[in-house]
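Engineer: Using the sequences and the accompanying hints, generate a full structural model.
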Amino acid sequence: MTHNGLEGVVDLHGTRLPVNTMLTPDAQPGDWLLIHAGFAIEKLDPQQAGETWALLRDLAQAATRSPAPSGTGIATPASTTQGDRR
Amino acid sequence: MNIGTRAIPEMLCALHASAAGLDRSIAFMEVCGTHTTSAFRCGLHSVMPENVRLISGPGCPVCVTAQADIDELIDLGSRGEVTLCTYGDMLRVPGKRGSLEKARGDGASIEVVYSSLDAVRLAQSHPQRQVVFAAVGFETTAPATAAAVCAAQELGLDNFTVLASHKLILPAMRALLSATDRPKINGFLCPGHVSVIIGSDAYRCIVEEFNTPCVIGGFEPGLLLSSLLCLTEMVAAGRVGLVNQYPQAVRPTGNPHAQALLQEVFEPGHARWRGMGLIPMSGLFLRQSYQRFNAAHRFSLKPVDDREPPGCICGRVISGLALPPECKLFGRACTPVQPIGPCMVSSEGTCAAWFKYGPQRASSNGVARVQQLQEVLP
Ligand code: SF4
Chain A
1 MTHNGLEGVV DLHGTRLPVN TMLTPDAQPG DWLLIHAGFA IEKLDPQQAG ETWALLRDLA
61 QAATRSPAPS GTGIATPAST TQGDRR
Chain B
87 MNIGTRAIPE MLCALHASAA GLDRSIAFME VCGTHTTSAF RCGLHSVMPE NVRLISGPGC
147 PVCVTAQADI DELIDLGSRG EVTLCTYGDM LRVPGKRGSL EKARGDGASI EVVYSSLDAV
207 RLAQSHPQRQ VVFAAVGFET TAPATAAAVC AAQELGLDNF TVLASHKLIL PAMRALLSAT
267 DRPKINGFLC PGHVSVIIGS DAYRCIVEEF NTPCVIGGFE PGLLLSSLLC LTEMVAAGRV
327 GLVNQYPQAV RPTGNPHAQA LLQEVFEPGH ARWRGMGLIP MSGLFLRQSY QRFNAAHRFS
387 LKPVDDREPP GCICGRVISG LALPPECKLF GRACTPVQPI GPCMVSSEGT CAAWFKYGPQ
447 RASSNGVARV QQLQEVLP
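Going down the list, the protein sequences come from chains A and B.
With this note's numbering, letter number 39 in the first sequence gets 39, and the count goes up by one each step, no holes.
Plus 86 on top of the position in the second sequence (first one is 1) and you've got this note's numbering.
Don't read these hints as lab results, they were simulated from the structure.
Treat the hints with caution; some may be incorrect.
[Said to hold, decoys possible] Facing chain A, according to a computed beta carbon distance under 10 Å, are these residues of chain B, among others:
#1 Ser202
#2 Thr227
#3 Gly278
#4 Gly340
#5 Leu347
Don't be surprised by glycine CBs; every beta carbon is placed ideally from N, CA and C.
Structural biologist: Below is the structure:
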């Protein structure tokens, strides 16, 4: 089903997920989108989203180089995704 | 502060330095279940200064849902003509008579959905079934419910309804600060995703009326730390302000499309919260023009008694008045395998986080690590 034709596909860690874009009607292919319960709820500032993503990647790499002390871990941004609107 | 220009060890040292200048203990409330879980997952509590505590607030959607609403949902889900669609977290929440999971085991038609629109699709493809969408959550999730109601209206569905117990976060924050039994809160770490919808300016009333600093923060370890540093620095300097530390997603006035959709479908009304009672204008209810999508009307649901399970102190936990280990049932009668209250079920629940990761207090190990960092930093 499409709702007002506002249906898109996002790339979440390599997995393609359908997403409704009625709350972000100006989303374009290539945008970073914040996803909640199947809806894109906001477009992210591309530069800041890229910086956050790069920092998380560096942290994840650092964590695999030296084991993290107990009780620590890296939270991945499960809802930060690269949009690819159909 | 931009986490791109300030690294985690540096922020941690600055946090300890700022806290060392305080002559008292302070506590910040994270008003969001995702912050609670994220803080526990990255071990934040164990590297915090001893005089700065992070306490959980009423921000986990499942945990704040009143027992009566959960009982109503389970009763409805057990009716033969109903297919109940729910987000996964609600499945194992215990009611007076079992849980939705148990009802499903006993043959009830209960589907876990990823999006509210999945429930609409199900109603469309199964016209002989009455499909009810269990709508819980805050301002972040309510637009998805509103979108589903609009979609059902456009499709002319007469077998789709919602049982809504959506909540608004600001009235709950106000209620906490106005309560006689007020938790100690020196500042709020405001919820990131709710703020995407309502905007950062919405918290001005808390800052101005209650003289309480508010920082809107993201969820990753660096963003969390940066928000706590900002709050601690404000308190240390005697400043009360509103800072948006999540500007990549949160705009001052929020998401206008989501707000318009909420305005179209819902109106605010008094809502019952777990352990916090009835909070004025803290819930979202379907407007008169959308009453045909109200499951409570369609199925003539009668009001149900609202009583927490005996011994469970979830209400005090989500109000920042008690920590999970203060509950006599914690880790004994109540575990994630056999939960008694919703705070132990939800992936965002404080009791579940404590059971899985806690207790994480500022430890000598954590302080030693900060000292090591101080030595290596220029
Ligand atoms: S430990 Fe269980 S019974 Fe106690 S407050 Fe938490 S959820 Fe409720």
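Engineer: Work down the list of hints and note, for each, if the structure agrees.
Structural biologist: We went through each hint and held it up to the structure:
no. : hint   : in the structure
1   : Ser202 : 7 Å, holds
2   : Thr227 : 6 Å, holds
3   : Gly278 : 9 Å, holds
4   : Gly340 : 9 Å, holds
5   : Leu347 : 7 Å, holds
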